[in-house]
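J.: Sequence:
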Amino acid sequence: MEPGEGKGKPAEPVGDPNAARMKGITVVKAIVYGNQARYFGKKRDEDGHTHQWTIYLKPYKNEDMSVYVRKVHFKLHDSYTNQNRIITKPPYEVTETGWGEFEIVIKIYFNDINERPLTIYHFLKLFHTETDIMLGKKNLISESYDEMVFHEPTPALHQLLQISRPLTVGVHKHETDFDAKKERTLQNILTAKKKIAIEIQELNERLKQTREAIQNFKDEIGKLEHKERTHHVTAALSSA
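Quick note: the sequence shown uses our numbering, first residue 1, plus one each step.
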(Lines of atoms letter the chains of each structure in order from A and count residues from 1; the text may use other names and numbers.)
(Lines give C-alpha, C1' and ligand atoms only; values in the text may rest on other atoms or scores of the structure.)
Protein backbone atom coordinates (compact mmCIF):
# COMPACT_ATOMS: atom_id res chain seq x y z
CA MET A 1 0.00 0.00 0.00
CA GLU A 2 1.25 3.47 -0.85
CA PRO A 3 2.11 5.71 2.11
CA GLY A 4 -0.88 7.90 2.94
CA GLU A 5 -3.49 5.47 1.58
CA GLY A 6 -5.93 4.50 4.25
CA LYS A 7 -8.37 1.68 4.76
CA GLY A 8 -10.85 1.30 1.93
CA LYS A 9 -8.64 3.06 -0.62
CA PRO A 10 -7.32 1.09 -3.61
CA ALA A 11 -3.83 -0.34 -3.30
CA GLU A 12 -1.08 0.78 -5.65
CA PRO A 13 -1.20 -1.31 -8.87
CA VAL A 14 1.58 -3.85 -9.22
CA GLY A 15 3.60 -4.09 -12.43
CA ASP A 16 4.55 -7.22 -14.32
CA PRO A 17 8.15 -8.21 -13.42
CA ASN A 18 8.33 -10.15 -16.69
CA ALA A 19 7.24 -7.25 -18.89
CA ALA A 20 9.16 -6.93 -22.17
CA ARG A 21 12.12 -4.53 -22.12
CA MET A 22 13.99 -2.70 -24.87
CA LYS A 23 17.45 -4.21 -24.63
CA GLY A 24 20.38 -1.83 -24.99
CA ILE A 25 18.19 1.30 -24.83
CA THR A 26 18.73 4.05 -22.25
CA VAL A 27 16.76 7.29 -21.97
CA VAL A 28 17.79 10.15 -19.69
CA LYS A 29 15.44 12.84 -18.36
CA ALA A 30 16.99 15.77 -16.51
CA ILE A 31 15.15 17.16 -13.49
CA VAL A 32 15.48 19.94 -10.93
CA TYR A 33 14.21 19.55 -7.37
CA GLY A 34 14.52 21.59 -4.22
CA ASN A 35 12.80 24.26 -2.22
CA GLN A 36 12.40 27.98 -1.86
CA ALA A 37 11.63 29.67 1.45
CA ARG A 38 10.89 33.16 2.76
CA TYR A 39 11.14 34.41 6.34
CA PHE A 40 7.99 36.06 7.73
CA GLY A 41 10.09 38.65 9.52
CA LYS A 42 9.07 37.31 12.92
CA LYS A 43 7.65 34.24 14.59
CA ARG A 44 3.94 33.80 13.88
CA ASP A 45 1.88 34.11 17.07
CA GLU A 46 -0.68 31.38 16.40
CA ASP A 47 1.74 28.49 15.71
CA GLY A 48 5.32 29.75 16.08
CA HIS A 49 6.02 29.28 12.36
CA THR A 50 8.72 31.50 10.90
CA HIS A 51 8.78 30.67 7.17
CA GLN A 52 6.67 29.88 4.16
CA TRP A 53 8.29 27.32 1.90
CA THR A 54 7.64 25.39 -1.31
CA ILE A 55 9.12 21.99 -2.18
CA TYR A 56 9.11 21.17 -5.88
CA LEU A 57 10.09 18.79 -8.66
CA LYS A 58 10.26 20.07 -12.23
CA PRO A 59 11.83 19.22 -15.57
CA TYR A 60 15.20 20.73 -16.46
CA LYS A 61 14.01 21.30 -20.02
CA ASN A 62 10.68 22.79 -21.05
CA GLU A 63 8.61 19.62 -21.19
CA ASP A 64 5.41 18.33 -19.64
CA MET A 65 6.46 15.51 -17.30
CA SER A 66 2.87 14.33 -16.90
CA VAL A 67 3.28 12.57 -20.26
CA TYR A 68 5.27 9.89 -18.44
CA VAL A 69 4.82 10.76 -14.72
CA ARG A 70 1.60 9.54 -13.10
CA LYS A 71 2.02 11.26 -9.74
CA VAL A 72 4.57 12.61 -7.28
CA HIS A 73 4.39 11.81 -3.58
CA PHE A 74 5.97 14.30 -1.16
CA LYS A 75 6.49 12.86 2.33
CA LEU A 76 6.77 15.69 4.87
CA HIS A 77 7.76 15.65 8.52
CA ASP A 78 5.47 13.67 10.83
CA SER A 79 4.57 16.85 12.73
CA TYR A 80 2.36 17.93 9.80
CA THR A 81 -1.26 16.78 10.05
CA ASN A 82 -1.19 15.44 6.49
CA GLN A 83 2.44 14.55 5.87
CA ASN A 84 1.68 12.66 2.62
CA ARG A 85 0.97 14.97 -0.30
CA ILE A 86 0.11 13.44 -3.68
CA ILE A 87 0.39 15.69 -6.75
CA THR A 88 -0.99 14.26 -10.02
CA LYS A 89 -0.26 17.07 -12.47
CA PRO A 90 2.24 19.93 -12.90
CA PRO A 91 3.39 21.91 -11.10
CA TYR A 92 4.63 19.16 -8.81
CA GLU A 93 5.00 21.21 -5.66
CA VAL A 94 3.75 21.64 -2.11
CA THR A 95 3.60 24.93 -0.22
CA GLU A 96 3.54 24.99 3.57
CA THR A 97 4.68 27.00 6.57
CA GLY A 98 6.95 25.93 9.40
CA TRP A 99 9.87 26.75 11.64
CA GLY A 100 12.33 23.84 11.21
CA GLU A 101 14.42 22.10 8.57
CA PHE A 102 13.99 18.41 7.78
CA GLU A 103 14.40 15.80 5.05
CA ILE A 104 11.59 15.43 2.49
CA VAL A 105 11.13 12.21 0.54
CA ILE A 106 10.04 12.66 -3.07
CA LYS A 107 8.69 9.55 -4.79
CA ILE A 108 7.96 9.65 -8.52
CA TYR A 109 5.45 7.20 -10.02
CA PHE A 110 5.33 6.61 -13.77
CA ASN A 111 2.41 6.11 -16.14
CA ASP A 112 3.73 2.66 -17.00
CA ILE A 113 3.25 0.70 -13.75
CA ASN A 114 5.91 -1.77 -14.92
CA GLU A 115 8.51 0.93 -14.20
CA ARG A 116 9.42 1.03 -10.53
CA PRO A 117 8.91 4.37 -8.69
CA LEU A 118 11.96 6.56 -8.23
CA THR A 119 12.77 7.98 -4.79
CA ILE A 120 14.90 11.06 -4.18
CA TYR A 121 15.62 13.02 -0.99
CA HIS A 122 15.84 16.73 -0.33
CA PHE A 123 16.77 18.46 2.92
CA LEU A 124 14.41 21.41 3.36
CA LYS A 125 16.45 24.59 3.85
CA LEU A 126 14.99 27.63 5.60
CA PHE A 127 17.98 29.52 7.02
CA HIS A 128 20.88 31.37 5.43
CA THR A 129 23.44 33.93 6.52
CA GLU A 130 22.76 36.35 3.63
CA THR A 131 21.28 39.55 5.08
CA ASP A 132 18.36 39.98 2.64
CA ILE A 133 17.30 36.36 3.18
CA MET A 134 17.55 36.71 6.95
CA LEU A 135 15.37 39.84 6.82
CA GLY A 136 12.78 38.18 4.57
CA LYS A 137 13.48 40.53 1.66
CA LYS A 138 14.66 37.72 -0.59
CA ASN A 139 13.74 34.06 -1.12
CA LEU A 140 16.18 31.35 -0.14
CA ILE A 141 16.70 28.88 -3.00
CA SER A 142 18.07 25.39 -2.43
CA GLU A 143 17.79 23.25 -5.54
CA SER A 144 19.69 20.47 -7.29
CA TYR A 145 20.11 19.11 -10.81
CA ASP A 146 19.79 15.38 -11.32
CA GLU A 147 18.96 12.87 -14.04
CA MET A 148 16.42 10.08 -14.19
CA VAL A 149 18.03 7.23 -16.13
CA PHE A 150 15.63 4.74 -17.71
CA HIS A 151 17.73 1.70 -18.58
CA GLU A 152 15.97 -0.74 -20.90
CA PRO A 153 12.45 0.69 -20.42
CA THR A 154 9.33 -1.10 -21.58
CA PRO A 155 8.17 -0.27 -25.13
CA ALA A 156 5.16 1.59 -23.70
CA LEU A 157 7.28 3.81 -21.42
CA HIS A 158 9.88 4.33 -24.14
CA GLN A 159 7.17 5.69 -26.42
CA LEU A 160 5.98 8.09 -23.71
CA LEU A 161 9.53 9.28 -23.07
CA GLN A 162 9.88 10.25 -26.73
CA ILE A 163 6.91 12.62 -26.59
CA SER A 164 8.03 16.23 -26.23
CA ARG A 165 5.22 18.52 -25.10
CA PRO A 166 6.18 21.99 -23.81
CA LEU A 167 5.20 22.77 -20.25
CA THR A 168 5.17 26.55 -20.63
CA VAL A 169 5.03 29.08 -23.43
CA GLY A 170 8.12 31.25 -23.62
CA VAL A 171 11.34 31.07 -21.62
CA HIS A 172 11.76 28.12 -19.25
CA LYS A 173 14.44 28.84 -16.65
CA HIS A 174 15.46 27.95 -13.13
CA GLU A 175 16.49 30.02 -10.15
CA THR A 176 19.93 28.40 -10.33
CA ASP A 177 21.98 28.81 -13.50
CA PHE A 178 23.04 25.18 -13.78
CA ASP A 179 25.00 25.76 -17.00
CA ALA A 180 27.14 28.39 -15.26
CA LYS A 181 27.39 26.15 -12.18
CA LYS A 182 28.54 23.27 -14.41
CA GLU A 183 31.14 25.52 -16.06
CA ARG A 184 32.43 26.68 -12.66
CA THR A 185 32.60 23.09 -11.46
CA LEU A 186 34.53 22.02 -14.56
CA GLN A 187 36.93 24.94 -14.14
CA ASN A 188 37.44 24.02 -10.48
CA ILE A 189 38.15 20.42 -11.48
CA LEU A 190 40.64 21.51 -14.16
CA THR A 191 42.34 23.89 -11.71
CA ALA A 192 42.54 21.12 -9.11
CA LYS A 193 43.96 18.68 -11.69
CA LYS A 194 46.66 21.19 -12.67
CA LYS A 195 47.50 21.81 -9.02
CA ILE A 196 47.72 18.07 -8.36
CA ALA A 197 49.90 17.58 -11.47
CA ILE A 198 52.31 20.29 -10.23
CA GLU A 199 52.40 18.75 -6.75
CA ILE A 200 53.10 15.29 -8.23
CA GLN A 201 55.90 16.77 -10.35
CA GLU A 202 57.40 18.46 -7.28
CA LEU A 203 57.13 15.24 -5.26
CA ASN A 204 58.79 13.26 -8.05
CA GLU A 205 61.62 15.82 -8.18
CA ARG A 206 62.09 15.61 -4.40
CA LEU A 207 62.01 11.82 -4.61
CA LYS A 208 64.66 11.92 -7.34
CA GLN A 209 66.84 14.22 -5.22
CA THR A 210 66.38 11.97 -2.19
CA ARG A 211 67.36 8.89 -4.18
CA GLU A 212 70.44 10.70 -5.52
CA ALA A 213 71.40 11.78 -1.99
CA ILE A 214 70.99 8.19 -0.72
CA GLN A 215 73.17 6.91 -3.57
CA ASN A 216 75.81 9.54 -2.79
CA PHE A 217 75.80 8.43 0.86
CA LYS A 218 76.18 4.82 -0.23
CA ASP A 219 79.09 5.77 -2.52
CA GLU A 220 80.81 7.69 0.30
CA ILE A 221 80.30 4.80 2.71
CA GLY A 222 81.72 2.42 0.09
CA LYS A 223 84.80 4.61 -0.34
CA LEU A 224 85.33 4.80 3.42
CA GLU A 225 84.94 1.03 3.79
CA HIS A 226 87.38 0.44 0.94
CA LYS A 227 89.85 2.89 2.49
CA GLU A 228 89.50 1.16 5.86
CA ARG A 229 90.11 -2.28 4.35
CA THR A 230 93.18 -0.97 2.46
CA HIS A 231 94.55 0.52 5.68
CA HIS A 232 94.20 -2.83 7.51
CA VAL A 233 95.96 -4.72 4.70
CA THR A 234 98.85 -2.24 4.65
CA ALA A 235 99.22 -2.45 8.43
CA ALA A 236 99.26 -6.27 8.29
CA LEU A 237 101.94 -6.30 5.59
CA SER A 238 104.09 -3.89 7.57
CA SER A 239 103.86 -6.09 10.66
CA ALA A 240 104.93 -9.12 8.67
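None of these hints come from the bench; they were simulated from the model.
Each hint should be verified, as a subset may be incorrect.
Derived DEER-like restraints, expressed as beta-carbon distance ranges [unchecked claim]:
| hint | residue 1 | residue 2 | range |
| --- | --- | --- | --- |
| 1 | T54 | A192 | 30 to 38 Å |
| 2 | P166 | V28 | 15 to 23 Å |
| 3 | I196 | T95 | 43 to 51 Å |
Below, in silico cross-link-like pairs of lysine-lysine (PhoX-like), each with a Cα-Cα straight-line distance of 20 Å or less [said to hold, decoys possible]:
| hint | residue 1 | residue 2 |
| --- | --- | --- |
| 4 | K42 | K173 |
| 5 | K208 | K218 |
| 6 | K58 | K218 |
Where is the CB? At the ideal position from N, CA and C, for every residue including glycine.
J.: Any hints from earlier that this structure breaks? Give me their numbers in increasing order, please.
T.: Numbers 4, 6 - these are the hints that the structure violates, sorted from lowest upward.
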